[in-house]
Amino acid sequence: MLHLLVAALLLILWALPVSADWLCDGDRLQLERVAGAVDVRGLAGGIPNSSDGTLPGDGILLTWRGTTLQLPRTNNAGPPSYTDGRWWWREPVGEAPEFLERRGDVIEHACEPLVDAPVQTH
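Residues in the sequence shown are numbered consecutively from 1, following the working numbering.
Take these hints with a grain of salt, some might be off.
Claimed, not checked - Pair ranges (Cβ atoms, derived): (1) Gln30 - Glu95: 28 to 34 Å; (2) Glu108 - Ala37: 20 to 26 Å; (3) Leu61 - Pro113: 23 to 29 Å; (4) Gly57 - Ala110: 27 to 33 Å; (5) Gly26 - Val93: 31 to 37 Å; (6) Arg28 - Gln70: 17 to 23 Å.
Since the hints were derived computationally from the structure, they do not count as laboratory data.
Backbone N, C-alpha and C fix where the C-beta goes; we use that ideal spot for every residue, glycine too.
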């Protein structure tokens, strides 16, 4: 029972909007984490790769250069990553994020924290 209460509390906290601002290739990028549909009953038994407070079904919204991308979380090992097959985002702890785009070749967009906006995390 305690496991279910803790899991529910974590889901509620994760559902609160969290955003971060980055500067990617010279343009502001805003990231917002969004919680997806997750079966709370499954949390008691553990869900694989529920790292960094994210779960399968979660996602992010990236707003960059006048476009908003909705990227679902992958179930890859390691830090949470998000992709729709064309765009890829991953934030290793303590490192600059990886922001990639596939257009025939893979284009890597260089990102750094935006200094005039605070970065918020859980």
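Verification of the supplied hints:
no. : hint                       : verdict
1   : Gln30 - Glu95: 28 to 34 Å  : violated, 19 Å
2   : Glu108 - Ala37: 20 to 26 Å : violated, 32 Å
3   : Leu61 - Pro113: 23 to 29 Å : violated, 18 Å
4   : Gly57 - Ala110: 27 to 33 Å : holds, 30 Å
5   : Gly26 - Val93: 31 to 37 Å  : violated, 25 Å
6   : Arg28 - Gln70: 17 to 23 Å  : holds, 18 Å
Of the numbered hints listed earlier, those contradicted by the structure are 1, 2, 3 and 5.
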